[in-house]
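Visitor: Single-letter residue listing:
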Amino acid sequence: MKRLIYILIVVIFFGNNSIAQEKDSIFDLKNYRTSFSFKTVKQEDNSRLVEVEFLAKNKKDRKDKLPIYDAEIKFYNDETLLGSAKTSKDGIASLVVPEDHTYVTDEEGNITLKAVFEGTDGLDEEEDEVTIKDIFLKLDLQEIDSVKTVKVNAYSIDSLGTEQPVEEATVGFFIQGMLSKMKIEEGDISDGEYEFEMLTKVPGDTIGNITIYAMIQDSDEYGNVSQKQTINWGAGQVNDDTTGDGNKLWSEAAPVWMYVVLTILLLGVWINYLYTIIHLFKIKKEGKELDVTM
Amino acid sequence: MKRLIYILIVVIFFGNNSIAQEKDSIFDLKNYRTSFSFKTVKQEDNSRLVEVEFLAKNKKDRKDKLPIYDAEIKFYNDETLLGSAKTSKDGIASLVVPEDHTYVTDEEGNITLKAVFEGTDGLDEEEDEVTIKDIFLKLDLQEIDSVKTVKVNAYSIDSLGTEQPVEEATVGFFIQGMLSKMKIEEGDISDGEYEFEMLTKVPGDTIGNITIYAMIQDSDEYGNVSQKQTINWGAGQVNDDTTGDGNKLWSEAAPVWMYVVLTILLLGVWINYLYTIIHLFKIKKEGKELDVTM
Amino acid sequence: MDINSRKKELVKEFTPMLQKSTFASKIWMGILVFLVLIGLYAFVVQVTKGHSVTGMRDNVVWGVYIINFIFFVGLSYSGAFISGILHFFKTPWKNSVSRIIEIITVLSLVIGPIFILLCIGRLDRLHYLFIYPRIQSPITWDIIAIMTDLFGCFLYLYLTFIPDFAILRDNADENTPAWRRKLYKTLAIGYQDTEPQRHRLEKITRIMSTMIIAMAIVAYTVLAWIFSLTLQPGWNSTIFAPYFIIAGLYSGVGVIILAMYLIRKYFKLEHYIRKVHFIGAGVVLLVISLLYGYFTFSEYFSRWFSHKTSDVDLLDTLFSRYFWQFIFANYIGIIVPIVILFFKKFRNIKSITFAALIAVAGLWLNRYLIVVPTLETPYLPIQDTRPEFIHYTATWVEWALSFAGIAAFLLFFTLIIKFVPIIPMSGIIDHEREVDTHRKKRPYAEDK
Amino acid sequence: MDINSRKKELVKEFTPMLQKSTFASKIWMGILVFLVLIGLYAFVVQVTKGHSVTGMRDNVVWGVYIINFIFFVGLSYSGAFISGILHFFKTPWKNSVSRIIEIITVLSLVIGPIFILLCIGRLDRLHYLFIYPRIQSPITWDIIAIMTDLFGCFLYLYLTFIPDFAILRDNADENTPAWRRKLYKTLAIGYQDTEPQRHRLEKITRIMSTMIIAMAIVAYTVLAWIFSLTLQPGWNSTIFAPYFIIAGLYSGVGVIILAMYLIRKYFKLEHYIRKVHFIGAGVVLLVISLLYGYFTFSEYFSRWFSHKTSDVDLLDTLFSRYFWQFIFANYIGIIVPIVILFFKKFRNIKSITFAALIAVAGLWLNRYLIVVPTLETPYLPIQDTRPEFIHYTATWVEWALSFAGIAAFLLFFTLIIKFVPIIPMSGIIDHEREVDTHRKKRPYAEDK
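Chains as they are written, first to last, in numbering that gives the first Met the number 0: chain A, 0 to 293; chain B, 0 to 293; chain C, 0 to 447; chain D, 0 to 447.
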């Protein structure tokens with residue numbers, strides 16, 4: 000009979016888990032038009048990223064976007080070739096121009112950057128141009144009168160090498176989270192400067208560090224500029240959660256009533272055990288006495 | 000003792016429900032700058048709405064916006080006064096210019112509209128201007144080869160009174176929902192025309208009517224233009240939900256197993272009742288026989 | 000022993016109970032009628048002015064009426080269950096309490112559904128339920144079910160009355176009014192207490208006892224589901240079906256003890272309703288209170304520990320606005336009876352009755368806390384949150400009708416025991432007959 | 000009647016059972032040892048290669064080990080509960096089954112926690128639990144609790160063994176090996192079966208029986224909470240604590256019936272383990288199966304009807320991939336025993352044993368369906384959903400260890416009943432002594 004149960008159990012647990020999946024995708028180029036967008040970002044280390052996103056967009060269905068990949072994109076500063084890159088699987092080609100590169104500028108200090116795709120049999124030629132001023136952001140984190148102050152200076156360097164404060168630009172401030180950046184402040188730079196009082200109680204990483212970004216985004220005049228700095232302003236190690244009363248598998252201290260209840264229960268049980276054992280010894284003693292008398 | 004319970008219960012259910020609430024709001028004009036934005040919408044009946052939103056925005060806190068109300072706004076077409084309106088509690092002043100109003104246009108057929116706030120002791124003068132072309136949208140809903148087709152024609156009327164098809168504009172299509180409009184399509188008008196195939200299975204109201212809107216929104220050239228039409232294309236009265244298996248207090252037909260189970264239960268009980276009653280009658284009969292024999 | 004002369008003796012013993020009308024009993028009846036009349040007035044007010052005279056509003060759509068309904072119906076089902084068990088297993092000491100239980104069962108099943116009717120807005124359309132029934136509608140099935148249950152309980156009660164009717168018919172003396180004689184004769188349907196008749200009656204009583212046990216379980220389970228199958232915090236709970244059954248038994252045993260105490264006191268039945276009955280009922284109440292406490296703890300502890308948002312809201316409400324009610328219902332109402340009943344030396348008639356009183360009051364309040372605070376903290380937030388929509392306080396109309404319900408229950412009880420002896424005479428005869436047979440078989444055995 | 004000569008007689012009767020080694024029993028032991036050895040091999044494989052040799056993965060972190068744990072521990076607690084009840088209420092026919100129940104209680108409490116150890120990844124660090132305990136850690140309390148329970152059960156088992164040890168010590172014949180005599184002498188701790196000693200032993204046995212009932216309820220409730228206090232669909236259920244207790248009793252009574260059948264068959268104990276014991280246990284199993292069915296229905300019906308999204312997913316899984324298991328566990332495993340046990344004419348020793356077998360198998364599967372499908376349909380979706388992460392199938396290692404557990408249980412059982420008679424001799428003596436006293440008091444009463 001045991002064998003029967005064994006077989007029964009084995010049969011019962013034998014299930015079919017195979018699920019076949021097929022997916023068709025039909026692609027007709029006529030329904031698509033290409034989108035070629037060029038952008039440039041001045042990065043934290045003052046190098047400059049030039050990047051092209053090259054997509055085919057469905058004329059009817061706005062959600063249907065296909066990246067065009069393996070297309071060679073050439074990046075120019077005026078007529079000077081900065082370099083070339085191929086688009087990735089996401090349709091993005093990018094190039095980092097080092098900090099010390101000297102750009103060709105016009106009389107007003109504007110840099111003209113251009114991205115060119117020279118076309119293939121199936122795809123037309125594409126070109127996009129961006130004209131920006133090269134500016135520098137300087138992020139300054141200071142505790143002034145024990146107030147944590149974030150200050151940013153924005154300036155361009157003119158042909159003479161002197162710093163010219165930026166007149167007007169909107170700058171955003173962010174804190175680096177685990178996956179993305181959280182905006183904490185936005186304001187307009189005037190006379191090349193903007194400052195604000197830092198939020199308190201920002202948690203920070205395990206040792207209390209937070210990374211603050213200052214960014215100018217999609218400015219017509221300056222393109223994208225980004226600057227960051229890390230500082231030990233976070234609330235840090237002491238996680239506020241410990242004072243909350245969330246569900247946990249483990250906490251620094253269990254609630255007192257738990258100790259009390261458990262201890263009472265256990266003591267109650269063990270007192271009875273003890274009582275029982277004492278009586279066992281009494282039985283033994285009685286037994287010995289009987290042995291003696293008999 | 001009963002009285003005691005009565006009192007006890009009454010006392011127990013007597014609770015204090017009064018909760019006092021107070022809210023302070025402090026307003027300092029220095030922290031605010033005014034925002035005066037003017038927009039114009041060509042409405043479905045070809046009348047034109049001119050509207051100003053007049054707000055005070057906190058310089059630091061972007062979420063803190065206060066409407067400025069009871070400010071008189073004057074609306075002009077070039078130098079001609081169209082009318083004036085006072086801002087509401089939401090800071091909005093609006094005016095509807097009737098369909099048959101003749102606007103002053105420049106040589107290209109552009110209409111310049113202006114909104115002016117003449118200023119008070121506390122507030123500076125404000126002015127905003129919009130230059131647009133007056134265009135007409137014609138919405139045409141047809142079933143072509145049993146395909147529900149939505150077609151829109153956009154044209155302006157030139158000085159000679161002939162229709163000039165609009166060259167390029169993005170038009171969006173919406174369906175009126177209970178609270179807001181749902182976008183179903185967006186596309187670019189070319190040669191004054193755009194058409195698409197209507198979604199099937201849009202529910203519609205109780206008699207199956209749906210209202211379709213065509214709208215050009217925030218166009219630099221044409222401002223806002225809107226047109227609508229109502230048609231009996233909705234799935235209508237028959238609500239698809241009846242075929243689903245959601246939770247309901249009442250359905251057209253209860254599941255069969257429910258009838259079966261309940262009927263079996265009830266029958267089982269009543270058969271026993273019947274059996275009992277039959278035996279009661281037997282007892283009665285026996286009693287009568289005893290009466291006779293005795 | 001001559002059975003017939005013994006029957007005469009018993010009739011003589013119980014007749015005063017049926018026919019005397021003391022001053023105290025008149026006052027008692029007067030108070031009850033008065034309370035019922037106040038209730039009727041409140042009812043007229045409610046029907047004419049609509050439900051706005053009650054505390055029930057858009058959000059808290061159920062108030063003390065539904066709680067009384069649950070309470071009375073729970074009483075009825077547990078009565079049916081206990082009575083059925085007593086009959087089914089032929090418990091030896093059942094005779095002294097069985098009729099009390101049976102009357103409680105039937106009366107509470109009559110009073111209970113009246114409270115549901117009070118929840119209905121348009122009572123003038125009530126007859127629509129009967130003239131326009133729809134087989135798809137749950138309410139039609141409800142009516143069928145309640146009718147079935149009511150009919151079954153009446154039938155069962157009647158079966159247990161037949162032998163006593165026969166005894167009363169056969170032993171009527173010259174003082175018995177003619178209408179009583181006639182009624183007893185009709186109701187006794189020619190029962191002559193012969194061997195075959197007695198066996199037949201026993202058989203069908205047994206069948207009916209299983210029927211009402213089964214119906215009690217099914218019906219109370221369904222009642223529990225009305226709550227637990229929603230998503231409301233405080234209701235959506237898998238434990239509700241057994242929990243309601245235990246709770247019903249808790250109140251049922253409690254009310255039975257209270258009834259035993261009052262009847263014993265008033266009719267001086269110390270000879271029939273003895274301390275042993277109280278101790279027995281007390282031990283049953285102890286077991287049920289332990290179970291009830293365990294279920295209550297399981298229910299609230301699971302909710303509290305899992306803290307889903309909606310449950311947390313509910314528990315916050317329970318532990319702030321309803322703090323004392325919660326303590327009374329779920330601590331005092333359970334622990335006090337357990338403490339009283341657990342220790343042998345605490346167990347006497349008065350303390351057991353007191354424990355039962357606490358248990359019944361606690362249980363009523365527990366039902367209140369299940370219904371009202373839950374409706375006050377809904378699963379989906381409501382838009383228009385005026386305080387009178389969210390907070391429920393019962394009005395005088397509701398209290399008047401509640402007390403009228405209790406008064407009607409007591410009134411009917413008093414009337415029934417003026418018509419049939421509260422201690423089944425036939426049961427006494429049966430018991431004595433059995434002892435007799437036993438004695439004949441084993442002549443030397445002692446009987447104590 | 001001379002008690003001492005009766006003791007001698009009983010020892011003579013039971014000695015062959017303790018000392019004979021038939022061929023069949025050698026084969027039986029051989030098979031069990033073999034199964035245990037396979038299990039040990041599987042254990043070595045698991046420790047050296049890690050948990051990847053089991054079917055447990057990131058998502059389904061619990062498999063048949065935990066189910067065996069719940070099953071054995073449930074067995075133990077219900078055994079403790081039943082044994083405690085039998086002792087506490089001094090049930091008349093308890094003697095023939097009490098030792099079987101006690102041995103089941105202790106052995107399953109030894110085997111059960113071993114399965115928890117198998118779930119631990121780094122067994123080489125097991126001793127850390129003892130050398131680095133932290134008072135804040137639930138696992139420390141777990142260990143204290145299990146130790147307490149285990150100690151209590153052993154103590155209780157020992158108490159019930161003492162009188163038999165004394166009898167065996169006093170009546171050893173020349174065939175008894177010296178080591179046995181010595182062991183019996185030590186273990187009997189000078190118990191001479193005098194009036195005061197007997198009373199003392201009775202008193203402490205009674206105390207210990209209440210202790211183990213209380214511990215059984217607390218411990219099994221806490222075990223249920225491990226599941227029900229999470230938010231997992233299929234676990235987050237207010238009914239779990241009483242449901243687990245009922246389920247434990249269901250399997251407990253089932254296993255007791257199986258053990259009774261096997262022992263009766265093998266040792267030819269028809270005289271002691273009679274049909275009446277099977278009928279009695281069968282009726283208990285019937286009542287519990289009705290309760291268990293009611294609870295199971297309440298649990299799944301509430302879930303199904305409320306259909307929260309996560310519950311719907313779980314039920315879909317249960318009714319598609321686990322369809323037949325679900326039908327077996329929750330329909331066949333409940334309805335078949337009810338049908339067999341409900342009708343008087345179906346009740347005989349074989350059919351009752353069959354019903355018990357179905358009940359035990361169904362219950363094990365029910366536990367499986369509570370654990371595994373729930374883990375396969377988590378409350379929060381997981382990101383990396385490779386099929387082997389989501390779907391669980393036990394591997395040969397897990398099955399080998401499971402069967403080794405059962406084999407070890409049976410092996411220990413066999414060894415214990417080779418050391419102490421399975422029917423408590425002292426119980427037989429006590430019973431006969433009582434009958435005797437009774438007869439003396441009422442010399443003419445018949446005894447049957």
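Some clues are possibly wrong.
[To be verified] Reference excerpt, derived from the structure (chain A facing chain D, CB under 10 Å, subset only): (1) Pro202; (2) Asp204; (3) Leu279; (4) Glu285.
[What the hints assert, rightly or not] Using C-beta positions, here's what the derived DEER-type ranges look like: (5) Val217(C) to Leu273(B): 47 to 55 Å; (6) Gly186(A) to Glu162(B): 47 to 55 Å; (7) Glu8(C) to Val275(D): 37 to 45 Å; (8) Lys85(B) to Thr101(A): 25 to 33 Å; (9) Ile276(A) to Leu125(D): 23 to 31 Å; (10) Lys344(D) to Thr193(C): 48 to 56 Å; (11) Met16(C) to Pro254(B): 52 to 60 Å; (12) Val275(D) to Val217(C): 28 to 36 Å; (13) Lys344(D) to Lys184(C): 36 to 44 Å; (14) Asp217(B) to His306(C): 45 to 53 Å; (15) Ile26(D) to Ile263(B): 31 to 39 Å; (16) Asp57(C) to Glu162(B): 54 to 62 Å; (17) Val217(C) to Lys417(D): 49 to 57 Å; (18) Lys417(C) to Leu273(B): 54 to 62 Å.
Think of the hints as simulated: they come from the structure by calculation, not from any bench.
Positions of the beta carbon are idealized from the N, C-alpha and C atoms, including for glycine.
Visitor: Taking the hints in turn, state whether each one holds.
Guide: Going down the list of hints, with the structure as the test:
Taking 10 Å as the C-beta contact cut-off toward chain D, the hint placing Pro202(A) at the interface is violated, the least distance being around 23 Å. Hint status for Asp204(A) relative to chain D: violated, with the closest Cβ pair at about 23 Å, above 10 Å. The criterion of a C-beta within 10 Å of any C-beta in chain D is met by Leu279(A), whose closest approach is roughly 7 Å, and the hint holds. Hint status for Glu285(A): holds, given a least beta-carbon distance of 6 Å to chain D, under 10 Å.
Val217(C) and Leu273(B) have their C-beta atoms about 19 Å apart, which leaves the hinted 47 to 55 Å range violated. Range check, Gly186(A) to Glu162(B): about 49 Å between beta-carbon atoms, so the 47 to 55 Å window is met. Checked against the given bound of 37 to 45 Å, the beta carbons of Glu8(C) and Val275(D), roughly 42 Å apart, stay inside it. The hint said 25 to 33 Å for the Cβ distance between Lys85(B) and Thr101(A), and at roughly 59 Å that hint is violated.
Between Ile276(A) and Leu125(D) the Cβ separation comes to about 28 Å, which falls inside the hinted range of 23 to 31 Å. Separated by about 30 Å at the C-beta atoms, Lys344(D) and Thr193(C) break the suggested range of 48 to 56 Å. Checked against the given bound of 52 to 60 Å, the beta carbons of Met16(C) and Pro254(B), roughly 54 Å apart, stay inside it. In this structure the hint that Val275(D) and Val217(C) lie 28 to 36 Å apart at CB holds, the actual value being about 33 Å.
As the Cβ distance of Lys344(D) to Lys184(C) is approximately 43 Å, the hint placing it in 36 to 44 Å holds. Distance hint check for Asp217(B) and His306(C): the Cβ-Cβ separation is about 47 Å, which falls inside the suggested range of 45 to 53 Å. Checking the proposed 31 to 39 Å range against Ile26(D) and Ile263(B) shows it is violated: the Cβ atoms sit about 52 Å from each other. About 56 Å separates the C-beta atoms of Asp57(C) and Glu162(B), a value consistent with the hinted range of 54 to 62 Å.
The hint said 49 to 57 Å for the Cβ distance between Val217(C) and Lys417(D), and at roughly 51 Å that hint holds. Between Lys417(C) and Leu273(B) the beta carbon distance is about 32 Å. The supplied range of 54 to 62 Å is therefore violated.
When held up to the earlier numbered hints, the structure conflicts with 1, 2, 5, 8, 10, 15 and 18 and fits the remainder.
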